[in-house]
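S.K.: Chain residues, written in single-letter form:
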Amino acid sequence: MIEIKDLHKSYKMGSNSLHVLKGINFSCEAGELVAIMGSSGSGKSTLLNILGMLDEADSGEYTLDGVPIKDLSETKAANYRNKFLGFVFQSFNLINYKSAMENVALPLYYQRVPRKERQEKSLKYLERVGLREWATHLPSELSGGQKQRVAIARAMAAEPKVLLADEPTGALDSTTSYEVMDLIQKINDEGNTILVVTHEPDIAEMCKRVIHLKDGVIVEDKKVEQVRASQYVK
Amino acid sequence: MFNKDRWREIIEVLSSNVGRTLLTAFGVCWGIFILITLLAAGKGFENGIRKDFGDIATNTMFMWTRSTTKPFEGLPKGRSFEFKTNDVQAIWDNVPNLKYISPRNQIGGFRGGGNVVRGIRIGAYDVYGDYPEIIKQDPMTVTSGRFINYNDIEQKRKVAIIGQGVQSELYDKGEEVLGSYIKIRGINFLVIGTYKKNNNDGDGEEAQKQIFVPFTSFSQAFNRGEDVGWMAITAHDGSSISQLKENIIEVMRKRHKVHPEDKRAIGYFDLYEQFNRVESLFFGLKAIAYLVGIMVLLSGIIGVSNIMLIVVKERTKEIGIRRALGEQPISIKKQILMESIFLTIISGMVGIIFGALLIYGINSLLDSVGPVDMFMNPSVSVGVVSGALMILMISGLLAGFIPAQSAIRVRPIEALRTE
Ligand SMILES: Nc1ncnc2c1ncn2[C@@H]1O[C@H](COP(=O)(O)OP(=O)(O)OP(=O)(O)O)[C@@H](O)[C@H]1O
Ligand SMILES: [Mg+2]
Numbered sequence: 120m121i122e123i124k125d126l127h128k129s130y131k132m133g134s135n136s137l138h139v140l141k142g143i144n145f146s147c148e149a150g151e152l153v154a155i156m157g158s159s160g161s162g163k164s165t166l167l168n169i170l171g172m173l174d175e176a177d178s179g180e181y182t183l184d185g186v187p188i189k190d191l192s193e194t195k196a197a198n199y200r201n202k203f204l205g206f207v208f209q210s211f212n213l214i215n216y217k218s219a220m221e222n223v224a225l226p227l228y229y230q231r232v233p234r235k236e237r238q239e240k241s242l243k244y245l246e247r248v249g250l251r252e253w254a255t256h257l258p259s260e261l262s263g264g265q266k267q268r269v270a271i272a273r274a275m276a277a278e279p280k281v282l283l284a285d286e287p288t289g290a291l292d293s294t295t296s297y298e299v300m301d302l303i304q305k306i307n308d309e310g311n312t313i314l315v316v317t318h319e320p321d322i323a324e325m326c327k328r329v330i331h332l333k334d335g336v337i338v339e340d341k342k343v344e345q346v347r348a349s350q351y352v353k
Numbered sequence: 005m006f007n008k009d010r011w012r013e014i015i016e017v018l019s020s021n022v023g024r025t026l027l028t029a030f031g032v033c034w035g036i037f038i039l040i041t042l043l044a045a046g047k048g049f050e051n052g053i054r055k056d057f058g059d060i061a062t063n064t065m066f067m068w069t070r071s072t073t074k075p076f077e078g079l080p081k082g083r084s085f086e087f088k089t090n091d092v093q094a095i096w097d098n099v100p101n102l103k104y105i106s107p108r109n110q111i112g113g114f115r116g117g118g119n120v121v122r123g124i125r126i127g128a129y130d131v132y133g134d135y136p137e138i139i140k141q142d143p144m145t146v147t148s149g150r151f152i153n154y155n156d157i158e159q160k161r162k163v164a165i166i167g168q169g170v171q172s173e174l175y176d177k178g179e180e181v182l183g184s185y186i187k188i189r190g191i192n193f194l195v196i197g198t199y200k201k202n203n204n205d206g207d208g209e210e211a212q213k214q215i216f217v218p219f220t221s222f223s224q225a226f227n228r229g230e231d232v233g234w235m236a237i238t239a240h241d242g243s244s245i246s247q248l249k250e251n252i253i254e255v256m257r258k259r260h261k262v263h264p265e266d267k268r269a270i271g272y273f274d275l276y277e278q279f280n281r282v283e284s285l286f287f288g289l290k291a292i293a294y295l296v297g298i299m300v301l302l303s304g305i306i307g308v309s310n311i312m313l314i315v316v317k318e319r320t321k322e323i324g325i326r327r328a329l330g331e332q333p334i335s336i337k338k339q340i341l342m343e344s345i346f347l348t349i350i351s352g353m354v355g356i357i358f359g360a361l362l363i364y365g366i367n368s369l370l371d372s373v374g375p376v377d378m379f380m381n382p383s384v385s386v387g388v389v390s391g392a393l394m395i396l397m398i399s400g401l402l403a404g405f406i407p408a409q410s411a412i413r414v415r416p417i418e419a420l421r422t423e
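The listed protein sequences correspond, in order, to chains A and B. This note's numbering puts the first sequence at residues 120 to 353. This note's numbering puts the second sequence at residues 5 to 423.
Derived by calculation from the structure, the hints in this document are not laboratory data. Warning: the hint list may mix true and false statements.
[Stated by the list, open to error] List of simulated lysine to aspartate or glutamate pairs, EDC-like, C-alpha gap at most 16 Å: (1) B/K337 <-> A/E193; (2) A/K235 <-> B/D9; (3) A/K217 <-> B/E13.
All values reported here derive from a predicted model rather than from experimental measurement.
Construct the entire structure; sequences and hints are all you get.
M.R.: Put into structure tokens, the structure is as follows:
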């Protein structure tokens, strides 16, 4: 599903340049649930943003589901993001003047799905994250966990090939974190490919594979026995 | 592009900060209001002045004799002379591009005293000896009967056309006018028609109190011989009387032995020149109205542009989210541009409506207090209004352009990072 070879990325800051990714090689199959770990500043977000086509690598190859990703115009990148990728952020990033349902419908709007169908679909996904009754509420009326579940529904609404989550539980307490991870596991059970950046070992253990980033390279890549989050959820 | 979602989006954004939106709208509203009001005021002034000219053919000059101020060919200065009827033919022969030449004679005027009698009624009116063409130069509507024709001229018929003002003073209501006789300076004239003039200026009433008789009959009845009091000369539409004027006067100077340098011997009034002077005044007024209006509008537009820039700044994060979710840059640009155009046009229309209300108010005020000198019926045409809307459309586009550009200049990754 994802194939990256010798990926490099550095940030220029005045005269210095900071070499963040120093040759990343990584691949993953469809249906995997991968945790990306590493200390703060190790380049986890940078890697995820490159995978998400929000940022560009300096060199290296990147293939997504057989499509080589390079020299993208902003228009084409937007197009690919919309069709191939779903994003979940630490700070939820919901649009605050739109209701939960409108937020979920947004990626469908960019796919020019007709209004009626858009509403039906977004209600379906809200149902799946257990927030059907909250459809007309604004983000400000939701709890952190609820916001993140709306964000996950939004990311899934466009039926992406890969779901990219950058510290999805970073702003949540542990109970809510497990609820969110339970949801992510269920989505993965349906065969979706998911990459999760996290600091927390217990969250990483709920994935099927963990990779460690250090000094700009992958220092560890291991399969783990998945801990089900449902046992912690009432 | 013009779908429902887009509109909902625009309304949502603009209504999310009502106070700011209204404040922004006010700038544009005010600008277009001033533009419309100034143009209407200019038009009102123009209408007022034009009404004073009435329907009179504007490519016309009037010419009369005074006394000479220079001796010439043995003749002394201070000599008075008269135009003669054969001068008319001489002008036709020597000056091209003329449409009408009407020799005229007149009795009465302001100091005329009672000169017209019918039975026991008596009145003081201007009585003109005229050719049939005068009705083309000084238009009037024949309300009953007919105007002078060439049979009247040739046969020197003692017939008269009277104004409605004359009729109301000399006749009872409902009394038959046509076929009756009036006595002008003791001579009987048969009334064959009545007229009404359209100009409505200060002399409006005076204009309805005139009597027209055939030129030849006039000369015979009042002993004018071959004398011509003055002439009304109109040029063809293609040429201007102002340019032909010198030729005509020169022909007259020659025929009446006036020194070529004697500017004062022949008097004239060039209506066309006056008219043109006024026309350029109207043009100037219009230019000033547009200049001032557009300046004010411009400041309104800059206001809109500024606010849109702030809105874009505030929405950087949101725009980043949208782009991460796959919105095309062009779509974001369109969104910002349409917000700007929408805001500009709506506030502009409010300005137009307020302007229209003000104009309507002034019009009804003018209606109730009666005509005012040099001001009448201020208005703006549909053309001006649609022009204003065009200007608004373009200015909205211009106002949104820079903000739209800056909205997509920020890369999504940077937009998402801003907290
Ligand atoms: N736009 C940028 N300009 C300059 N330096 C940057 C930029 N983005 C990231 N960096 C630097 O690159 C390094 C890696 O950043 P990154 O955000 O990928 O770390 P991270 O692993 O996600 O850290 P954290 O766990 O704190 O989120 C950091 O040292 C950071 O300061
Ligand atoms: Mg990070």
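S.K.: Taking the hints in turn, state whether each one holds.
M.R.: Comparing the hints with the structure gives:
Note on B/K337 and A/E193: the hinted pairing holds, with a Cα-Cα distance of about 13 Å set against a maximum of 16 Å. Pair hint A/K235 plus B/D9 holds up; C-alpha atoms about 12 Å apart against a cutoff of 16 Å. Distance check on the hinted pair: A/K217 and B/E13 sit about 10 Å apart at the alpha-carbon level, within 16 Å; holds.
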